[in-house]
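Read off the chains here:
2 protein chains.
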Amino acid sequence: MIRFSQTVNSLRTSEIRDLMSLATRPDIISFAGGMPGNELFPVEEISTIYNNLPLALKQTSFQYGPTSGYPPLLESLKEFLRKKGLPVDSNQLMITTGSLQAINILAKVFLDPDDIVITENPCFIGALSAFQSYRAVIKGVDIDEEGIDIASLKKMLTSLPATPPKFIYLTPNFHNPAGILYTEKRKREVAGLLQEADLPLIEDDAYGDLYFDEEAKRRTVPFKALYENDLTICYTGSFSKILGPGFRLGWMLVPPEIFKKAELCKQSFDACSPNFTQVLAHEFVQTGGIDIYIERMRGVYRRRKDSMAAAIRKYFPVEIQWTEPRGGFYIWLKIPPQIDLLAVLKDSIEHGAVFVIGQTFDPEGKDNSHFRLSYSHTPEDKIEKGIEILGAALKRALGQI
Amino acid sequence: MIRFSQTVNSLRTSEIRDLMSLATRPDIISFAGGMPGNELFPVEEISTIYNNLPLALKQTSFQYGPTSGYPPLLESLKEFLRKKGLPVDSNQLMITTGSLQAINILAKVFLDPDDIVITENPCFIGALSAFQSYRAVIKGVDIDEEGIDIASLKKMLTSLPATPPKFIYLTPNFHNPAGILYTEKRKREVAGLLQEADLPLIEDDAYGDLYFDEEAKRRTVPFKALYENDLTICYTGSFSKILGPGFRLGWMLVPPEIFKKAELCKQSFDACSPNFTQVLAHEFVQTGGIDIYIERMRGVYRRRKDSMAAAIRKYFPVEIQWTEPRGGFYIWLKIPPQIDLLAVLKDSIEHGAVFVIGQTFDPEGKDNSHFRLSYSHTPEDKIEKGIEILGAALKRALGQI
Chain A
1055 MIRFSQTVNS LRTSEIRDLM SLATRPDIIS FAGGMPGNEL FPVEEISTIY NNLPLALKQT
1115 SFQYGPTSGY PPLLESLKEF LRKKGLPVDS NQLMITTGSL QAINILAKVF LDPDDIVITE
1175 NPCFIGALSA FQSYRAVIKG VDIDEEGIDI ASLKKMLTSL PATPPKFIYL TPNFHNPAGI
1235 LYTEKRKREV AGLLQEADLP LIEDDAYGDL YFDEEAKRRT VPFKALYEND LTICYTGSFS
1295 KILGPGFRLG WMLVPPEIFK KAELCKQSFD ACSPNFTQVL AHEFVQTGGI DIYIERMRGV
1355 YRRRKDSMAA AIRKYFPVEI QWTEPRGGFY IWLKIPPQID LLAVLKDSIE HGAVFVIGQT
1415 FDPEGKDNSH FRLSYSHTPE DKIEKGIEIL GAALKRALGQ I
Chain B
1055 MIRFSQTVNS LRTSEIRDLM SLATRPDIIS FAGGMPGNEL FPVEEISTIY NNLPLALKQT
1115 SFQYGPTSGY PPLLESLKEF LRKKGLPVDS NQLMITTGSL QAINILAKVF LDPDDIVITE
1175 NPCFIGALSA FQSYRAVIKG VDIDEEGIDI ASLKKMLTSL PATPPKFIYL TPNFHNPAGI
1235 LYTEKRKREV AGLLQEADLP LIEDDAYGDL YFDEEAKRRT VPFKALYEND LTICYTGSFS
1295 KILGPGFRLG WMLVPPEIFK KAELCKQSFD ACSPNFTQVL AHEFVQTGGI DIYIERMRGV
1355 YRRRKDSMAA AIRKYFPVEI QWTEPRGGFY IWLKIPPQID LLAVLKDSIE HGAVFVIGQT
1415 FDPEGKDNSH FRLSYSHTPE DKIEKGIEIL GAALKRALGQ I
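As you go down the protein sequences, you meet chains A and B in turn.
Using this note's numbering, the letters of the first sequence map in sequence onto residues 1055 to 1455.
Using this note's numbering, the letters of the second sequence map in sequence onto residues 1055 to 1455.
Rather than coming from a laboratory, the hints here were simulated on the basis of the structure.
Keep in mind that the hints are not guaranteed to be accurate.
Copies of one chain are not kept apart here, so a pair can be met inside one copy or by any two copies together.
To be verified - Here are the simulated DSSO-like pairs of lysine-lysine, each with C-alpha atoms no more than 30 Å apart in a straight line: (1) K1208 to K1420; (2) K1314 to K1193; (3) K1112 to K1132; (4) K1439 to K1112; (5) K1420 to K1314; (6) K1239 to K1132; (7) K1314 to K1400; (8) K1112 to K1436; (9) K1400 to K1388; (10) K1314 to K1138.
Same shape as in the complex, but just chain A:
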């Protein structure tokens, strides 16, 4: 007889997977997935790096490495993060198998069943699934264009039962799915509230390098750089958007006492992350190849965003509300209440374009009024065509055509 754990019995299949399978059908224009386009990866650069590795280093890449990461990569990544103002000397850095693993490990470090976690609503679905897998109670707080809503957060923090939440999870830079970039003022207000509540922060910064203008760049300075002395902050990042998700490399930068616990978890999870891709990532970072690549990608994603924004203005009904993002991968749109979003999705797929409905990103699965468009993996000519298809579906839903 098979008797499953209570935890695994409480998990449900995510709808995103069915959408993702549609997203890879070649005849459909996809705005669904949150990944770089295949044609954008630095394949040439990595091939050159690989073929120039001395034999001994190639052999190292086949071997186990330390649980916390390939030591040269830890060093080169520290320098990369130091440039963002992050406290790399007083904290400890760990390479993880994608930044989702960093978030999952931190969830394991903090969470017992029924513990409360505060997130933004909407929220990155991977983080939601990680928190759910430890049977946490997730409390979503609404956001606006400047960040998490301060009044709602304050209310949440004062209205909770006697047992305080274990942590708050935020994505201040080019939020997934909402695309927003926190203002400095909002960060200051949030930091004040968290300090008052003595609440640890998990700061997910997977998109911070992908700003589209200089003012946006200035606003990407992490909480971890600004409020290190006032708050307990676990900072996570990823190579998925600035090298390739297939490398499965992310990281966490955390205080030493949290690092010690996280390392024990990592040891029992997968012993270490792939040395093979860590060796390549190190060379990419250390030679500065990554900086040149990121600079090029900023241009590519900005142009894709511009194409999508222009097409939305041209083809979408005026009732659809949205804000132009200043970096990252996503546009988050709000529809009028009379629209049935699932029907629009089905209609749009039938005509050849797919996106993700807002429900997916709502901790309570209730949202019926938003959807997410990703421009990261769709070439400009297809963006206009796909937005035209989706615009027609929206107009049909509104009875305009």
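Position chain B relative to chain A; hints supplied.
Chain B only, in chain A's frame:
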């Protein structure tokens, strides 16, 4: 204030890590780690594969893949496993980030805190740490040269409290650390007991391909191939010993209802295993390069085992008991009760050789009478020298020199 989870607070640092750090000191001859020697990896073969990949496939290797694995690798691996007689059509295959992740995911699928797990004693330390990380109660059952001790297993199964164990974890082929290979008779007896107790089996087969003779080969047929119709068996395997640990690729072959739960866990752990190394592994398996490589490695490891066995006969006191392994990486040795093993370890390290003490592999951390020698990552000339050093330390401990 940082409030850690109960789970993470119950985890302790493993001693193996300090030993491993010694194992990589260049002036020390190491019999400690359970990995292939760096000089053995198929670097040339993989370089050729990589450079011959068409651009589109290289791009795919940078991208996310399905949670269950890169589809072509699932297919080629199925054929590889089918040759072992495994039921690849009625079960489902998942690629994991090393086989430790497969074991960890299965632990998450089955275990609530205080659940009982039965293992062999000694037992693979990675599995112990995975089970402990879900706060399981681990009950070790002694082994002999033919497998887990049947009388002890029977006694364990009948003496347990009302709540039955969730599963038993076994490594029938070239056990880590004990080096043993189950006999067919013992497997039949174990299968009978498990069927009677209705107890699921996690079968870890990381070493089964590395047999040293034809009779040993015949005995490596997995439980999963022999008793699929009688038992619930979750079969795990690894590319770490037959390609390279740095690829971080393992797998599980499990019944569909277990697969469904395992896939949900995998999704929240790291979304998918590295496509970069999966693409390379697929080509290595599909072209048959892996079969040629494994055949060569059988010869290399057999010669290393022969060198170590000869050196043990030459340099060790006769009081040390051991059996020559018929495959795998390890020799497991028993010392007389009057020897202080930790003192021998320190003496041996001082003179330039390191190994792992048996305590590390005991679920209760009590064993003081065994140690493990690994011959997998030490060239033959160094093996004799290292065994001479260790033999002298043992003789000093026995007052013989």
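Non-conforming hints, listed in increasing numerical order:
Violated: none.
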